[in-house]
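Asker: Chains as they are written, first to last, in my numbering: chain E, 1 to 110; chain X, 1001 to 1142.
What the hints contain is simulated information worked out from the structure, not anything from laboratory work. Please note that a few of the clues may not be correct.
Stated by the list, open to error - Partial pick of chain E residues on the chain X-facing surface, computed with a CB cut under 10 Å:
1) Y26
2) T31
3) Q32
4) E46
5) L49
6) Y50
7) L53
8) H54
9) K55
10) E57
11) A58
12) K66
13) K71
14) R74
15) P107
16) P109
Stated by the list, open to error - Straight-line C-alpha distance at most 25 Å; calculated BS3-like pairs for lysine-lysine:
17) K35(E) with K78(E)
18) K55(E) with K1006(X)
19) K1006(X) with K71(E)
20) K8(E) with K1076(X)
21) K55(E) with K1023(X)
22) K8(E) with K84(E)
23) K1083(X) with K55(E)
24) K1006(X) with K59(E)
25) K75(E) with K1006(X)
26) K66(E) with K1006(X)
27) K60(E) with K1055(X)
28) K78(E) with K1023(X)
29) K22(E) with K84(E)
30) K1073(X) with K60(E)
31) K22(E) with K108(E)
32) K1006(X) with K78(E)
C-beta: ideal position from N, C-alpha, C; glycine also.
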Amino acid sequence: MYSKELTKGTLQPIILALINTKGRMYGYEITQDVKRMTSGKIDISEGALYPILHKLEAKKVLETEKVFIGKRVRKYYKVTKEGKKMVETVTEEINDFIETLSLIFNPKPI
Amino acid sequence: MELSEKHIAFIENSLALYGVENKDLKEDLVDHICTYIENQDADDFNMLYQQALQKFGGYTSFQNLQLETHHQKLAKQIITVNKLKFSAGFIVILLLVMSLVFQMMQWPYANAWILGAILISVLIILPAHFYANYKKSIHNYS
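When you get a sec, could you build the whole thing from the sequences and use the hints?
Answerer: Rendered as structure tokens:
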């Protein structure tokens, strides 16, 4: 599993990209999907997940849809129309970041 | 494990005891803990609930989450207050400039503009400033 220090800055883009791809997701589902897709290498802690989701909701990047599961409420998060632009920007930035990192960690022989 | 209404009520009450007051946050946490327990094969609710708490990082983590939510709410309020202070400050400057021009030109109502500027400062800018400081101090204390 990658260290928290390494994944910290990428959690928001990961969450955004995942919700955008799936359409709508709830908290537990996000943590499990990330774990499954990365074979357990990235484990989003609950303590980090909800502040990010609430922050993005306050910024109107995400919106929620409440569904009753028996007596309790399940909040599905989905990307707003305005949020789609942010997802694009963040995805481009992350891809660029990956390329930049590979310049340092996998330098081409001169 | 399948959860009953009593189990859900227990989780809600314990979260309230751990200081989770925000409704949105509480809904998220209750559903998260419930889903975690429902996905486990064991039938011991207390054990599974403790496991779920540990996964969150214990009681302190709940308090931190609540604090984070308060902080986000506070940041939003502070931005609104700052916008109000900026707008009111702009009007005060405008009124003072108008008053100066009116005095130089010896036009009537020059004093009225000064009075308006003082009133806006005392009734809007100062209360907004003290309100923001008060909110910040409560947050820092918590």
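Asker: Classify the hint on T31(E) as holds or violated, based on whether any CB of chain X lies nearer than 10 Å to its CB.
Answerer: Holds, because the Cβ-Cβ distance from T31(E) to chain X comes to roughly 8 Å (cut-off 10 Å).
Asker: Do the alpha carbons of K60(E) and K1055(X) lie within 25 Å of each other, as the hint requires?
Answerer: violated, 29 Å
Asker: Can we keep the L53(E) interface hint, with Cβ of chain X closer than 10 Å?
Answerer: Since the shortest Cβ distance to chain X is 7 Å, the answer is holds.
Asker: Just to be careful: measuring from the Cβ of E57(E) to every Cβ in chain X, is the smallest value less than 10 Å?
Answerer: holds, 8 Å
Asker: CA of K1073(X) to CA of K60(E), is that 25 Å or under?
Answerer: holds, 14 Å
Asker: So, as I understand it, the hint says P107(E) touches chain X; can you test that by seeing if any CB pair is closer than 10 Å?
Answerer: Since the shortest Cβ distance to chain X is 39 Å, the answer is violated.
Asker: Restraint: K66(E) near chain X, CB-CB cut 10 Å. Satisfied or not?
Answerer: holds, 8 Å
Asker: Closer than 10 Å between Cβ atoms is the bar; does L49(E) clear it against chain X? Give me holds or violated.
Answerer: holds, 9 Å
Asker: Does K71(E) meet its interface restraint, that is, does its C-beta lie within less than 10 Å of any C-beta in chain X?
Answerer: holds, 5 Å
Asker: Need the status of pair K1006(X), K71(E): alpha-carbon distance at most 25 Å?
Answerer: Since the Cα atoms of K1006(X) and K71(E) sit roughly 10 Å apart, the hinted pair holds (cutoff 25 Å).
Asker: Decide if the proposed pair is consistent with the structure: K78(E) and K1023(X), CA atoms, cutoff 25 Å inclusive.
Answerer: holds, 19 Å
Asker: Would the pair K22(E) and K84(E) pass a check requiring their Cα atoms to be no farther apart than 25 Å?
Answerer: The hint holds at about 13 Å.
The structure fails hints 15, 16, 18, 24, 27, 31, 32 (numbered hints given earlier, in ascending order).
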